[in-house]
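K.L.:
Listed here are the chains, written in short residue letters.
2 protein chains.
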Amino acid sequence: MINKLIQNIQKTNAPIVVGLDPMLNYIPPHIQKRAFAEFGETLEGAAEAIWQYNKEIVDAVYDLIPAVKPQIAMYEQFGIEGLKAFQKTVNYCKEKNLVVIGDIKRGDIGSTSEAYAVGHLGKVQVGSKRYSCFDEDFVTVNPYLGSDGIKPFVDVCKEEKKGLFILVKTSNQSSGEFQDRLIDGKPLYEHVGEKVAKWGEDCMGDSYSYIGAVVGATYPKMGEILRKIMPKSFILVPGYGAQGGKAEDLKPYFNEDGLGAIINSSRGIIAAYKQEAYKHFGETAFADASRQAVLDMIADINQAIGR
Amino acid sequence: MINKLIQNIQKTNAPIVVGLDPMLNYIPPHIQKRAFAEFGETLEGAAEAIWQYNKEIVDAVYDLIPAVKPQIAMYEQFGIEGLKAFQKTVNYCKEKNLVVIGDIKRGDIGSTSEAYAVGHLGKVQVGSKRYSCFDEDFVTVNPYLGSDGIKPFVDVCKEEKKGLFILVKTSNQSSGEFQDRLIDGKPLYEHVGEKVAKWGEDCMGDSYSYIGAVVGATYPKMGEILRKIMPKSFILVPGYGAQGGKAEDLKPYFNEDGLGAIINSSRGIIAAYKQEAYKHFGETAFADASRQAVLDMIADINQAIGR
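Chains as they are written, first to last, in numbering that gives the first Met the number 0: chain A, 0 to 306; chain B, 0 to 306.
Errors might be hidden in some of the hints.
Note that the list lumps identical chains together, so a pair holds whenever it fits in one copy or between two copies.
Dumping the calculated DSSO-like pairs for lysine-lysine here, alpha-carbon to alpha-carbon at most 30 Å [claimed, not checked]:
| no. | residue 1 | residue 2 |
| --- | --- | --- |
| 1 | LYS227 | LYS185 |
| 2 | LYS273 | LYS150 |
| 3 | LYS10 | LYS87 |
| 4 | LYS32 | LYS122 |
| 5 | LYS32 | LYS128 |
| 6 | LYS54 | LYS197 |
| 7 | LYS150 | LYS245 |
| 8 | LYS150 | LYS227 |
| 9 | LYS185 | LYS273 |
| 10 | LYS273 | LYS128 |
| 11 | LYS250 | LYS128 |
| 12 | LYS122 | LYS273 |
| 13 | LYS54 | LYS10 |
| 14 | LYS32 | LYS157 |
| 15 | LYS3 | LYS220 |
Treat the hints as calculated values from the structure; they're not laboratory data.
Make a model of the complete structure from these sequences and hints.
P.N.:
Laid out in structure tokens, this is it:
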């Protein structure tokens, strides 16, 4: 799947990923109204609004981008109905040949991590049958529990040729509270980065490992160091745009081959129509605003990284 | 909810929690057969088997215990159908007046943690209506992202009078890989423990905080230190029994009032009928085996802690 991600990036010349993190207040009123007219102001109605919103955005941008990253929390908050919309979104994006990164940030002890890995990347056994459930291509994983919480994910990735992005340095303001603390003279995130490089060693695609890392755009100096610590790991970079990360800071996240990083934008794309720059599209053409925002983001990043 | 947890513990004289972590291979063949006869070897069939298994165990033990801890991964691996069984289990246990600790180990940046908190502990807004979705009483949370990933959970807990158990020192073998590393002369888990104590300060129930911690039974020396660092935090202790934690090691997790800790056993209870000691119950009376295992666990722990 890392090979497919790279192919998709090369085909689109766009090292970006669109975060499908729908909040109800991003969704234009006409879509909410239509969904609520059919299902009432219910969880089902909310899920339908999310799905219609996602579908229209995906239809408008899929030819420009290599991948999407649905954030499962935004669906899970609407319970079972929300998770159905998550599943529908994953499946639809895969039909459109997009690589799907499930932003699930799971992680637990061995047997439990195995269950998550099976449910999101692998196949679960039921009697004599096997089923894929959420079936993303990559998922994000939390490393706090150490190797035996990660290994079951790695095992399933090997079997299914899928991949991981392991949290190393997150984009949020208080990420440094634990991640930046010095251990033997090096911040915790570097120690985690070293482990990511090691975990990824025997899961190599053609040029990069299946096992990648999450490093926030908001910490470019750290990105530079981590790039060197994990030369064969793809870096998923959240925090561009709405969270404050700038394109000119992104160069250090890439290798000299112009690969090695994929930059996420969520709100900046899916709710583009709410921004001053794209307001003229209007609410009904929100997906056209998203398309323009994708084009602008690609240009912004490619210029900054000299691609 | 911390007050209710303490009341339930005092009423049952049992500082324990039963982990409802069903694996299909724990479920006796007659239950699987019945479910598959009705729904086929499908995800729905697996979910039905899990639900029937859980229900029979809960019916057999609910009067003996204060709380249950369903591990969501074991349900999530069966996709939407599995999560429906999770929800059914949560609701059923609450009907039985059990405190429900959702072992979900979520944690993300601010707005995303908020979505998880809303979906699992709070109410989500849909138009003019508000809905509770998974509606557990407590959830487990991962601290790797720092305060701004925890705060949205704390805020929802304050509003709903619910609670958290934040991962401090986990029970698994490689938990020390990051958690034990020394920072300013103290292991990371102590730094996290200090934060837990601080986060919990303004969320006090009558005698304990709503904000608790997870500390594995497999590390009693660390438990002793953490007990002192977080005097007002309840400690959820996994790792007793099947994972190797012994009753005599559990004393340091408790305060002098005999409270402050709740010991989890999952496999040891729900799959008791598979153990040598309870084999004589037979597969069809698996729930009676679970009841006996609960009684034995309570006696074992109360004796060890001198309760």
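K.L.:
How would you classify LYS32 and LYS122 at a CA-CA limit of 30 Å: within, between, both, or neither?
P.N.:
The answer is between: 21 Å across copies meets 30 Å, while 37 Å in one copy does not.
K.L.:
Checking LYS185 and LYS273: alpha-carbon separation at most 30 Å within a copy, between copies, both or neither?
P.N.:
Neither. Shortest intra-copy (42 Å) and inter-copy (47 Å) distances fail the 30 Å Cα cut-off.
K.L.:
Indicate which option fits the pair LYS32, LYS128 if close means a Cα-Cα distance not exceeding 30 Å: within, between, both or neither.
P.N.:
Between. Shortest inter-copy distance 14 Å satisfies the 30 Å Cα cut-off; intra-copy 41 Å does not.
K.L.:
Between the shortest in-copy and the shortest cross-copy C-alpha distance, which are at most 30 Å for LYS273 and LYS150: within, between, both, or neither?
P.N.:
between (42 Å within a copy, 27 Å between copies)
K.L.:
Within a copy, between copies, both or neither: which one fits LYS250 and LYS128 at a CA-CA cutoff of 30 Å?
P.N.:
Neither. Shortest intra-copy (47 Å) and inter-copy (46 Å) distances fail the 30 Å Cα cut-off.
K.L.:
When no copy is named, should LYS122 and LYS273 be tagged within, between, both, or neither for a Cα gap of at most 30 Å?
P.N.:
Result: close only across copies, 26 Å inter versus 40 Å intra.
K.L.:
Have a look at LYS3 and LYS220 and pick one of within, between, both or neither, based on CA distance no larger than 30 Å.
P.N.:
Answer is within: at 29 Å inside a copy they meet the 30 Å cutoff, but 48 Å across does not.
K.L.:
Give the relationship of LYS150 and LYS245 under a CA distance limit of 30 Å: within one copy only, between copies only, both, or neither.
P.N.:
Classified as between; 26 Å across copies, 34 Å inside a copy.
K.L.:
Pop the pair LYS273 and LYS128 into one bin, within, between, both or neither, using alpha-carbon distances up to 30 Å.
P.N.:
between (47 Å within a copy, 24 Å between copies)
K.L.:
With 30 Å as the alpha-carbon cut-off, assign the pair LYS150 and LYS227 to within, between, both or neither.
P.N.:
within (23 Å within a copy, 33 Å between copies)
K.L.:
State whether the alpha carbon distance between LYS32 and LYS157 is at most 30 Å within one copy, between copies, both, or neither.
P.N.:
Cα proximity of LYS32 and LYS157: none, with 44 Å in one copy and 32 Å across.
K.L.:
Can you tell me if LYS54 and LYS197 fall within 30 Å by alpha carbon in one copy, between copies, both or neither?
P.N.:
Close neither inside one copy (38 Å) nor across copies (43 Å); limit 30 Å.
Checked against the numbered hints above, the structure breaks hints 6, 9, 11, 14 and satisfies the rest.
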